[in-house]
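Number of protein chains: 2
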Amino acid sequence: MKLDPGSEFGRIERLRAAFAADAPGVVVGIGDDAALLDPGAGPLLVWTVDEQVQNTHFDLGWLTLDDVAYRGYMAAASDLAAMGASPWTALASWVIPSSFDEAAFDALARGAAQAAAEVGAPIVGGNLAKGERLSLGTTLLGRTTRPLRRDGAKAGDLLMVAGPLGLAALGLRALQVGEFAKELEPALAAWRRPRARMGEGKLAGAVASAAIDISDGLGQDLAHLAQASGVQLVVEEAALRAHGGEDLARGAQRLGLEAMDLALAGGEDYALVVTHGAGLPGFTVLGHVRECRSVEDPSVILRSPTGQERPAPTGFDHFYQRPRSTARKVSSTP
Amino acid sequence: MKLDPGSEFGRIERLRAAFAADAPGVVVGIGDDAALLDPGAGPLLVWTVDEQVQNTHFDLGWLTLDDVAYRGYMAAASDLAAMGASPWTALASWVIPSSFDEAAFDALARGAAQAAAEVGAPIVGGNLAKGERLSLGTTLLGRTTRPLRRDGAKAGDLLMVAGPLGLAALGLRALQVGEFAKELEPALAAWRRPRARMGEGKLAGAVASAAIDISDGLGQDLAHLAQASGVQLVVEEAALRAHGGEDLARGAQRLGLEAMDLALAGGEDYALVVTHGAGLPGFTVLGHVRECRSVEDPSVILRSPTGQERPAPTGFDHFYQRPRSTARKVSSTP
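Top line first, the protein sequences correspond to chains A and B. Just so it is clear: in the first sequence, position 32 is 32 by this note's numbering, and no numbers are missing. Just so it is clear: in the second sequence, position 263 is 1263 by this note's numbering, and no numbers are missing.
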């Protein structure tokens, strides 16, 4: 059996079995956006790692080295936002081809330092190794007294999002087909410089019932949240379309794509979805949480302006290929 | 300027400048074997990351996939031992070629799980990504109330080691030249299955004045410790030779190498060197610490049985090539 998204979730389960161990202070192990540790006193620790691999997650022709390091750091930081954690510190583990000169190295350092400064978690160590392909690992520690999980959404809660949906996927698609029209610039910027939603995560961390960051696509990640919480999530198409706005609509039109498809399937914006009983500043309400009447119920529903309901698509391969589809968090719940 | 050991230390300094930031609770950042964090209550956290990269640190023809994952974990764990920390938990960030089937994946999981069980720090999460070359990142958290540093060695202390010196380097050399005679078996095992000195690190952590793990070679790593502490380290040749024992002597002879060269330059045994006023169980005394009379003094001295002294070699490239020479801790002090 070869590696594919389907088998990877199986691999996560096999790792969970292989690594099964009760260690003192492990609150959440393999099974959420990040590991959650209790040091015994003070806030809980939230711990995550992400890896950006050349020719898997990016092509060096598509972005600057500053961008590569910036987005690598942000991908890891987004997991902390999804747990409602305050970022603390980071380690960088970089595999760098011999062909990279000092200017290239400095560009990586600059991009990572900028992301670290924006997120507020300085890089305090790491590892440098040589390799045939560029690969940037970022591991982050955050702290929280009230961790957000995927399993707390309750019927009656509002479903809200902070950050763009589908814009980065549109930018990636533009890069893949080599289309750089002016109306695609916001999309290109969204893919090259995604921003983890740290402030919104902290705000939601104090009150929200559940959260997840959108790294695999709204449809798929909402399904994870719905399944973990045992609820059904209803997304209003009109709200989703309005949230996408002109940048998504015009860019999608330019490439002959559907804005709604991008909004449902695009993941690398690292938007933050939370559920809570009332609106929150910085978040757009997309829909609401309702009871799941039977296990056969679809977990995520799209509702049209006329009230018609249909299951939300959870895949993306039907309309665009993206390298990110080959990467999975060990901590993801299938 | 291309990547080489010389330029890499320069890179570490440049990272230190690029990442310079005072974060609350950062006791040690870039500049030792691992980062040291103060959560505000309870023990300090010791945090490290290591990366093992195919064709840089290992050749897939030289060891099983179990071994690759085992030694990757141990390389990271050794940094905790060097800080005298108790291992707590780990994250695994794996880049895996598409050609790897499920049996290959399970072998990696098995090797990592075995190392984690031996070290006592379970893997509680991580990241799986696809890539062209196998690359295994391990990040570990440990805890300690009395961290060992490189800068605490005092004149009059004994210089002691736990674990083999040069045996893994001999094993790597045997693999490089394709020589598998019976007298090389201990060396092959030492390279394929190094053991981080967790127990010895914890023991020393309670009392020792300084420590370092030997990842780049005894001569080079002792120089780091001597320079950080502002002392001179005297190594007795006879003690070093006796410590190497028959396994090193016979294996070296088989390959036409000098046991002493291997003991001074070999790093991947992950032996633990500490300084302390008295002997410690599990450690072999190699020499002692004395005052550094002037800045021109060599930092590490080899003393012959007749009392003749000479500076210890700090390099290794003169007698054998090893892929590890291309990797450096960001946290290493030059």
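Note that these hints are calculated values from the structure, not bench results. Any given hint might turn out to be false.
Chain A side only, calculated, beta carbon under 10 angstroms to chain B, not exhaustive [stated by the list, open to error]:
#1 ASP22
#2 PRO39
#3 THR48
#4 THR145
#5 LEU257
#6 GLU258
#7 GLY279
Stretch by stretch, here's where chain A covers chain B in the computed footprint (C-beta under 8 angstroms, at least three residues) [stated by the list, open to error]:
#8 1035-1042
#9 1112-1121
#10 1126-1136
#11 1300-1306
Where is the CB? At the ideal position from N, CA and C, for every residue including glycine.
**Prompt:** Does LEU257/A pass the interface hint, meaning its C-beta sits closer than 10 angstroms to a C-beta of chain B?
**Reply:** Interface hint status for LEU257/A: violated (25 angstroms vs cutoff 10 angstroms).
**Message:** Quick check on the hint: GLU258/A CB to chain B CB, less than 10 angstroms?
**Reply:** This hint is violated: GLU258/A lies away from chain B, its Cβ roughly 28 angstroms from the closest one there, beyond 10 angstroms.
**Message:** Holds or violated: the hint that THR48/A contacts chain B, with Cβ atoms closer than 10 angstroms.
**Reply:** Holds, because the Cβ-Cβ distance from THR48/A to chain B comes to roughly 7 angstroms (cut-off 10 angstroms).
**Message:** Just to be careful: measuring from the Cβ of GLY279/A to every Cβ in chain B, is the smallest value less than 10 angstroms?
**Reply:** violated (32 angstroms)
**Request:** Can you take a look at whether the segment 1035-1042 of chain B is actually covered by chain A? Rule is 3+ residues, C-beta closer than 8 angstroms.
**Result:** Satisfied; 6 residues make the cut.
**Message:** Can you confirm whether chain A covers the segment 1112-1121 of chain B, using C-beta to C-beta distances below 8 angstroms and requiring at least three such residues?
**Reply:** n = 5 at 8 angstroms, threshold three: holds.
**Prompt:** How does the coverage statement for the segment 1126-1136 of chain B fare against chain A, requiring three or more residues with Cβ below 8 angstroms from a Cβ of that chain?
**Reply:** Satisfied; 9 residues make the cut.
**Message:** So, as I understand it, the hint says THR145/A touches chain B; can you test that by seeing if any CB pair is closer than 10 angstroms?
**Reply:** violated (12 angstroms)
**Prompt:** Regarding the hint that PRO39/A lies at the interface with chain B, is the smallest CB-CB distance below 10 angstroms?
**Reply:** Hint holds; PRO39/A Cβ to chain B Cβ min 5 angstroms, cut 10 angstroms.
**Prompt:** Taking the closest Cβ pair, is ASP22/A under 10 angstroms from chain B?
**Reply:** This hint holds: ASP22/A lies near chain B, its Cβ roughly 8 angstroms from the closest one there, short of 10 angstroms.
**Message:** How does the segment 1300-1306 of chain B fare against chain A when you require at least three residues with a CB closer than 8 angstroms, holds or violated?
**Reply:** Since 0 is below three, the answer is violated.
In this structure, the earlier hints numbered 4, 5, 6, 7, 11 are contradicted, and the remaining ones agree with it.
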